[in-house]
Structures are given as structure tokens and as C-alpha cells.
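Enquirer: Below, each chain spelled out in residue letters.
There are 2 protein chains.
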Amino acid sequence: MNQPPKYEHIPRATIQRLATYLQVLEAMDKDGVQVISSEPLARVCDVNASQVRKDLAYFGEFGVRGVGYYVSYLRDIIKGCLYADLKWKAALVGVGNMGRALLNYPEFRSNNFNIVGAFDCDPFKIGERLYGLEVYCTKSLMEKVPELGIEIGIITVPPERAQRAATQLVDAGIKGILNYSAARISVPDHVFVEYINFFHQVYSLTFNIVSQKR
Amino acid sequence: MNQPPKYEHIPRATIQRLATYLQVLEAMDKDGVQVISSEPLARVCDVNASQVRKDLAYFGEFGVRGVGYYVSYLRDIIKGCLYADLKWKAALVGVGNMGRALLNYPEFRSNNFNIVGAFDCDPFKIGERLYGLEVYCTKSLMEKVPELGIEIGIITVPPERAQRAATQLVDAGIKGILNYSAARISVPDHVFVEYINFFHQVYSLTFNIVSQKR
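So the sequences go chain by chain: E and H. With the numbering used here applied, the first sequence corresponds to residues -6 to 207, in that order. With the numbering used here applied, the second sequence corresponds to residues -6 to 207, in that order.
These are computed hints drawn from the structure, not numbers from a lab. Possibly wrong hints are sitting among the right ones.
Note that the list lumps identical chains together, so a pair holds whenever it fits in one copy or between two copies.
List of simulated lysine to any residue pairs, SDA-like, C-alpha gap at most 25 Å [claimed, not checked]:
hint, residue 1, residue 2
1, Lys118, Val184
2, Lys132, Ala50
3, Lys23, Glu153
4, Lys23, Arg93
5, Lys206, Arg58
6, Lys72, Ala175
7, Lys47, Leu126
8, Lys82, Asn190
9, Lys206, Cys114
10, Lys132, Arg36
11, Lys47, Ile3
12, Lys47, Leu123
13, Lys168, Phe191
14, Lys82, Lys132
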């Protein structure tokens, strides 16, 4: 594969919308849709068409005048832009309900993004087999992360154990963390953290429901 | 309680940051922190201090010159702004792994936001008791949603069943949907939908990791 160009200063909101476009284009491709223009694509994604064109313009010019976008081509382009065509290996720390749900989530066990190690500090869980993975002791992160080529850590422990899990993941050499726990964590500057806070969406919903009522 | 003022045109990103501030302020309050200025609050939330001040300014003037913000006061103010001080009842449709994880997620079973009904169409799951709730047939949504005073639907079914679940929830009278399935859904204009797409955060992470490498 050719080295893709280096993009800089892409707003975070653009990345998130591109993830939505990608999801929609993948579904359209499966349904046999071959060509789409920016208006219907925008409608399905709950944005406006000029936003779609602006987001894509960061990466190049992909539409065909009078035709629109070729669905599978645009899907591949966006995959490349998001580096979703690379292979990413993740370690999941905390095999409670949320951890199990993610281990059984097909998109997190795919060829391109795969949870390849499950870890917990509970002696009753260590050694258990879950969805094809043996649960390891979190103390073995130091050895398993480099051995399995893991770059991303997923934290699904209770909030009071989140910082310890983060420190163990960082010490083991991971580069980014998806934090599902409801706690803030501190990590060195070279490690990226993304917080999954379910209330981000809950409050958008409740705020809109109340505002509409009045 | 007095009727709070009506806020309009609050950007979605502001609502999401307020959800983060609220989470952080609640943790600080538990830890006994009484006063905080915008700089350290911003640092913990990974934003800059002027952003914090700008977000709060939509709702009023809450800082005290030379002191900062009173933690518990600001927490209560933000709760009010987000309508997080009201009681919200939710129905969860789909009691697979993700559904079970959410049923067992303390923040979704609290006094202010509570999943009060669990639904599934699998005859083997109907009648089962899960985390204090009996699983009902999705066909009974029509009767249970008004009976239990439910306003929000949570969809945790596989993507191919998401639209059917959405239609059933809308027909039963809910006002907003949190969609955890990896499928887009269509609903009438008066119903709000929030998509929980795990790849929004995954791609922000992978994009940053690759960009930094170069």
C-alpha cells in the first residue's frame, strides 16, 4: 500500500462525522447501492449536504459532477482517511458486563480492529475463557502487550480502578486508551485518551425533549 | 421547583462538554473539593479555560471573582441546565450482552435516569428476571410505555432489528431514542435520536496515533 498523505488539523467533529458516513456507506454497499449524491447521504446521517462536502474536502475531491459519489469507492477513501484500513489490536481490561459486551461486539472483533487480549485482576476470572480469549491477570500486561502487538487499551473496570488500569496499560507501552469507566484518568502526553461517556448523548436527548415541550 | 428559563441554540458540543464538567464536579464534590477555578477544571476535562467559561456563559454567571466556582453549587447549576435534575424513565429493547451491561450500569439505574422496563422478542428471554426487572415481550411496549411513564427508548438489538424496535418505541409514544445498534433508523420529526457509535472515539484515537507517528 502506498503511504497515504499526512493530514493535519482535522477537527474532531469531522472525524466523528466521517465515522458516521463510513457506517452508512458500508450499509448502503451491502444493500447494493452503487451511487449516492451528498443530499441523501447527508439526510441519512442527520447533517446537511454542505457539511458532508466540507468534511470530505479535507481529504480531496471525490464526487463526480452530475453523478454523486461511488459508494464503495467513497467507503474505501474514508476508511483510508481514518486509518480504518490498518490493523489495530486492543487489550481490554475488566471483564465485567461491559467488558463482556464489548468482547462479544462483532465490530470490536473484526480483522481491522480486534480485541486480542482480555485482562482482569479478579482471581476468579483469571483463566476463564471468554469469546475465544483466555482472561489474563492485569499484571501480565507488561509482557502481553508487546508480545501480542497491542497498541490500544480499553478500560471497562469500575471507576475507582480506572487510574490503576490506565497506569498499567501505559507502562506496558500502549499508545491510546478508550475509557469506558466513569472516571477521568491521567496519562503522559504521548498517550491519547478517548472517553466514552454515555451521558453525552443522554443529555443531548433530554435537553432536546424538554426544550421542545415548552 | 421554579420553572427554569428556556435556553435555545445551545450547541450540541457545549451540551456534551457540560456532561463532562458535571461528571468531574460530582467526583470532586465526593472527594471533598469545595472550590475550583476554571483552569484546573478545564485541565481535568481536556479543554481550555476560556472554553469552560464560554460554555457556562450560555446559562449565566456562576464564578466568584478571585475565588472560582463553588463545586457543589456549579454541579447543581449544570444539572439544572441539562435537565439532569428531572426524573427520566427509559425502556430498554434487546437484552443481549450490551442490554445486560446497560441494565447493570449504576448510572442508568439511578433515581434521575432509570431503566424501568426491559423488552425482548426472544421467547426464551421473555419472563426472565434481570437486575430487578422482568423481561417483557416487545409487543407489550404499547401498553407498558404509558403505564410506566416511559419517555426514552434504548435500542440494544442487532442492527437488522433496530428499525423494527424504533417503530415499536415510537408507536408506543416515546419521545427520544438512544440507539446502540450499528444501524441508522428513521423516526418522525418529533422524536429525537442519539446514536452511540463506538467508532466515533475509536477513529479519533487511531487518527491521532497515526498522525503522531509521522
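Enquirer: Does each hint fit the structure? Answer for all of them.
Expert: Hint check results:
1. In this assembly of identical chains, Lys118 and Val184 lie within 25 Å of each other by CA distance neither inside one copy nor across copies; the values are 28 Å within and 42 Å between.
2. Proximity of Lys132 to Ala50 under the C-alpha cut-off of 25 Å is found in neither arrangement, the shortest distances being 45 Å within a copy and 46 Å between copies.
3. Taking the shortest Cα distances, Lys23 and Glu153 sit within 25 Å of each other only across copies (12 Å), while inside one copy they are farther apart (42 Å).
4. For a Cα distance limit of 25 Å, the shortest separation of Lys23 from Arg93 qualifies neither inside one copy, at 28 Å, nor across copies, at 29 Å.
5. Proximity of Lys206 to Arg58 under the C-alpha cut-off of 25 Å is found in neither arrangement, the shortest distances being 43 Å within a copy and 36 Å between copies.
6. Proximity of Lys72 and Ala175 under a CA criterion of 25 Å is satisfied inter-copy only: 17 Å between copies versus 30 Å inside one chain copy.
7. In the homo-oligomer, the alpha carbons of Lys47 and Leu126 never lie at most 25 Å apart, since the shortest distance is 42 Å inside one protomer and 46 Å across protomers.
8. Taking CA atoms no more than 25 Å apart as the test, Lys82 paired with Asn190 passes in both settings, with 22 Å inside one copy and 19 Å between copies.
9. With identical chains, the CA atoms of Lys206 and Cys114 are never at most 25 Å apart, being 47 Å at best within one copy and 32 Å at best between copies.
10. Taking identical chains as interchangeable, the C-alpha atoms of Lys132 and Arg36 are never at most 25 Å apart, the minima being 48 Å within one chain and 30 Å between chains.
11. Taking the shortest Cα distances, Lys47 and Ile3 sit within 25 Å of each other both inside one copy (11 Å) and across copies (22 Å).
12. Taking the shortest Cα distances, Lys47 and Leu123 never come within 25 Å of each other, neither inside one copy (43 Å) nor across copies (46 Å).
13. In this assembly of identical chains, Lys168 and Phe191 lie within 25 Å of each other by CA distance both inside one copy and across copies; the values are 23 Å within and 18 Å between.
14. Within a single copy, Lys82 and Lys132 get their C-alpha atoms as close as 19 Å, which meets the 25 Å cut-off; across copies the closest is 40 Å, which misses it.
The structure shown violates the earlier hints numbered 1, 2, 4, 5, 7, 9, 10, 12.
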